[in-house]
Amino acid sequence: MSSSGDAPATLPPLKAIQAFEQTARFGNVARAAELLDLTPSAVSHQLAKLEAMIGRQLFLRTARGVTLTPVGEQYLTEVSGILHSLAVATERAASDVSLDCLRLHSSPSFGLLWLMPRLEQFRQSHPDIQLNLSCSYESLHFSRDKIDVDIRHGMPNWPSFEVRTVRNEKIAVLASPKLLQQRPIRTVADLLDCNLILSEATLIKWPQLFAQHGLSRPEKPYSLSFDRSYMTLEAASHGLGFALESTLLAQDYLARGALVEVTPGLSAPITAHHLVFPRAHAGFPRVRRFLEWMQNELGHDFNY
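Be aware that the sequence shown starts at 1, since it is given in the UniProt record's numbering, and climbs by one per residue.
Hints may be right or wrong, so weigh each one.
As the list claims (entries may be wrong) - Straight-line distance between alpha carbons at most 25 Å, and here's what the computed SDA-like set of lysine to any residue pairs gives:
1. K146 / L102
2. K146 / G55
3. K170 / S136
4. K170 / P218
By construction, these hints were calculated from the structure, which means they are not laboratory data.
Just so you know, these numbers come straight off a predicted model, no measurement behind them.
Let the hints inform the model, and build the full structure from the sequences given.
This is the structure in structure tokens:
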């Protein structure tokens, strides 16, 4: 005779968990229903069933949508990881076990300027890992978009995930040697009447640099502006103006002399690039090996 301890645990229906996760993600029942190919009424029914089973309220309903209660926030943190692990396990069971595919997503400039030139080195070091790389500025959904590691640009505010921040990155005034020879720069004030290229993606921009030195922004408009760092750096390398950009992204330009730092005094440390992934992914050998390779290439450990 089986004891009560042998009885299977009571599990909530998978449909109810999916309805909960998607509704929590969008804060909107109708949007969750659209994604799950259900009616809003069916999603609401699943949510009510889940709350009745738990015996606690997971959402606060308002005219503008729904928000998680503290109980709901804790539940979301725990079940999201379980759902993701289930999706990963299913995918791995259905895939060719002889292939281990590392799926990376990256901000475009980091992917193009830093990662792409080094992919052949990774391939030679890890020939058994197939690499899939996609680039955009949006933060993808790890499970739905099948991403192992997301290399993000911005402020590190992702409390539900593991975050490894790239250290020793700084932003500096950069220019082609030819332009610098024509327009020597000794102080920040010398830049006020120069052709400046605005990089819209950087965390620190020209007005902030001038303000740090007690100067107002220049009255003349920027000569050029770009929404991608790789475009800013390429324009600067052609002598089209002075750029305020990441020396990490500009590493290859600096190494081959296409760009130079104007003066060491015109730079500031930043923490702009981060490797983000679900905690469950830390146990994947392909992810561990990629993180170790990244640290070797960067020449230092990450900030945690």
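Each hint tested on the structure:
Restraint check: the Cα-Cα separation between K146 and L102 comes to about 10 Å, which is no more than 25 Å; the hinted pair holds. Distance hint between K146 and G55 is unfulfilled; the C-alpha atoms sit about 33 Å from each other, more than 25 Å. As the CA atoms of K170 and S136 are separated by approximately 22 Å, the hinted pair is consistent with the 25 Å bound. The hinted pair formed by K170 and P218 meets the criterion: a straight-line CA distance of about 23 Å does not exceed 25 Å.
Hint check: a violation occurs at hint 2 only; the rest are consistent with the structure.
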